[in-house]
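There are 2 protein chains.
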Amino acid sequence: MLSVTNSTHMTADTDGSRRIAILAHEKFPHEAKTATGVIRYGSDEVVAVLDRDRAGDRVSEHLPDAPDAPVVESMADAPDCDALLIGIAPIGGGFDDSWRPDVRTALERGCDVVAGLHYFLTEDEEFVALAEEHGAELHDVRKPRDDLTVSRGIADEVDAEIVLTVGTDCSVGKMTVSLELARAAADRGVDAEFVPTGQTGIMISGWGNPIDRVVSDFTAGAVEEMILEKGDERDVLFVEGQGSIVHPAYSAVTCGILHGAMPDKLVLCHEAGREVIHGYEDTALPPIPDYVDLYEDLAAPVHETEVAAGALNTVGVDDDKAARAAVDAYADDLGAPATDPVRFGPDEILAALDLE
Amino acid sequence: MLSVTNSTHMTADTDGSRRIAILAHEKFPHEAKTATGVIRYGSDEVVAVLDRDRAGDRVSEHLPDAPDAPVVESMADAPDCDALLIGIAPIGGGFDDSWRPDVRTALERGCDVVAGLHYFLTEDEEFVALAEEHGAELHDVRKPRDDLTVSRGIADEVDAEIVLTVGTDCSVGKMTVSLELARAAADRGVDAEFVPTGQTGIMISGWGNPIDRVVSDFTAGAVEEMILEKGDERDVLFVEGQGSIVHPAYSAVTCGILHGAMPDKLVLCHEAGREVIHGYEDTALPPIPDYVDLYEDLAAPVHETEVAAGALNTVGVDDDKAARAAVDAYADDLGAPATDPVRFGPDEILAALDLE
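Order-wise, the sequence lines are chains D and L. Each residue of the first sequence is one higher than the one before, counting from 18 in this note's numbering. Each residue of the second sequence is one higher than the one before, counting from 18 in this note's numbering.
Chain D extracted, bound-state conformation:
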């Protein structure tokens, strides 16, 4: 059966039981954010990483805390599996034609192929034909569904508490923080779920709307739809934020998520040492207290919220003592508890969210 989809629930029928290979040629692990995110946080079993530069290595050599798997040269060398995920994205989100043989091999073996690129596999004639011939599925997780619409402004009517990560900039760790908090809360017995809003989060979770690709008028609505779908099933939803409210290019997405999700609490994410907007070096980050005011004041007319805690990404800080000092200074700036949940664990943040 052919099934070429861009459904929200790409893995609903195989949740937690799928075996996957992940393509990350020449980029694993440090430039392969999607690959490492799926390995660390996904529920699928990773049977191989494809990286022609590191073939013969083990995943555990590069990601000591993650489940192990072999790194292989090509799809031809990968063990039996259910799907191939494209785990890297070049600037611009294009499809690198050097990946074509791997995708072809996957489809010929009957494996589904999942990508979060701006280039859509479901519009590639060769891939569509191969998928049909071999009964495989193509999933473009960055292709929004056709039935999205405007927000009704009712996300606050669900039973769950909504916790949204917001940021001082792009790429400061909002997705990771949301995933870490959802996992840690669940470990403590809280009925919590991660709500993805970007392609990596969607690949990790197997569902979700790619908010940065929807029609601009539907930005808030596409978030609201996810809250309404999950909000009465769970006690807490950790919504993945995007961008920053002062980002020259992406603030529209940030603002739409802030109003569409109607969060009860915010966790402000920042990277230690970041002083200018990434890629917009003329634009300085405002002081941290200004972010707190901006996010709270902008949210309030739609739904009152507060920055309840901060998450500081200290990956660039060498020693723990300096990282701890950076966290303390950040907490002072925020006027709220803060930590680096990856380096020091999420306890302070969970406590601030009353989820101990």
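Check the hints yourself; a few may be wrong.
What follows is a list of derived Cβ distance ranges for each label pair [to be verified]: (1) E142(L) <-> A83(D): 49 to 55 angstroms; (2) D345(D) <-> I171(L): 34 to 40 angstroms; (3) E62(D) <-> R291(L): 55 to 61 angstroms; (4) E313(D) <-> I171(L): 25 to 31 angstroms; (5) P306(L) <-> R205(D): 41 to 47 angstroms; (6) E292(L) <-> D252(D): 31 to 37 angstroms; (7) E143(D) <-> E125(L): 37 to 43 angstroms.
Note that these hints are calculated values from the structure, not bench results. What you are looking at is a predicted structure, and each value in this text was computed from that prediction instead of being measured. All C-beta atoms, glycine included, are put in the ideal place defined by N, C-alpha and C.
Since chain D is already given, all that's left is putting chain L on it; use the hints.
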């Protein structure tokens, strides 16, 4: 020659010299915002309005200040012209099939057809075939171009001063205020131009990106592109704002325009008596001073701006004395000069913008 387009410049080759008919069945004039906007502000010559409920009337009976034209039953009764504009939109932006005979007649007469609906004429097989057969063009002004991308954050590098209308809500008059100010400034010898961001503005101007329909990540970029195109040719650009920064559904678009346009000055538009968000009756409008702070504080990290003046829509206020009192109270709330530019003329606003 077939030409099925969604170009920014739909009338570049015929600017100012086109003869048009406007379809506004059962809605003219009060529920036909696009039709009345094009009649009042467009540069095309309007040869007829199609409204089956008012056939035999004159436009001047309903819009005393606008150029006159007959109201006719159907396209078959319209004089010779170059194009038919769809001047109304049902809720949801669909195409009403009762309009099909008029569109068919227009195409058979070789007239172009221009629409700003969510339903795209260029995807209607019958219309595409008729356009091809009769050498007519179909223009879907709400269909974004394919080559839009993210903002570079450089709209402030153009020579022109950028004046953006922002609002307390949707449908308070931002487009009308921008058009009135651009026209009045031009009348005073200022080299000014209106920059459209929505379908009606695009129909009036014959160019522009429909910001509410672009990919959310490109919201700011689609505005910036227009500023960069026009900003070194003109001394002042009046950018049409959309939505409101506290709108539960549309704030993403508002925020993207605010950061993409990098305005030097803002004109805050409001409707006298409006107390809750239109269509979201549970959401009260914040106090006017809060809007001033929100717009200025949100813009500042990307580009410093100020609310330089206010425009109050007093269409619902019966007598001029009460309207004047409402304007005065609004100016007090704003801490800036204000007027109703339609009722009282735009002098106070132009003075506040240093464009007397």
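Results of checking the hints against the structure:
Checked against the given bound of 49 to 55 angstroms, the beta carbons of E142(L) and A83(D), roughly 52 angstroms apart, stay inside it. At roughly 38 angstroms, the beta-carbon separation of D345(D) and I171(L) lies within the given 34 to 40 angstroms, and the hint holds. The supplied range of 55 to 61 angstroms is met by E62(D) and R291(L), whose beta-carbon atoms lie about 56 angstroms from each other. For the hinted restraint 25 to 31 angstroms between E313(D) and I171(L), the CB-CB distance of approximately 30 angstroms keeps it satisfied.
The hinted window of 41 to 47 angstroms between P306(L) and R205(D) holds, with their beta carbons roughly 43 angstroms apart. About 35 angstroms separates the C-beta atoms of E292(L) and D252(D), a value consistent with the hinted range of 31 to 37 angstroms. Distance hint check for E143(D) and E125(L): the Cβ-Cβ separation is about 42 angstroms, which falls inside the suggested range of 37 to 43 angstroms.
Violation of the numbered hints given earlier is absent; every hint is satisfied by the structure.
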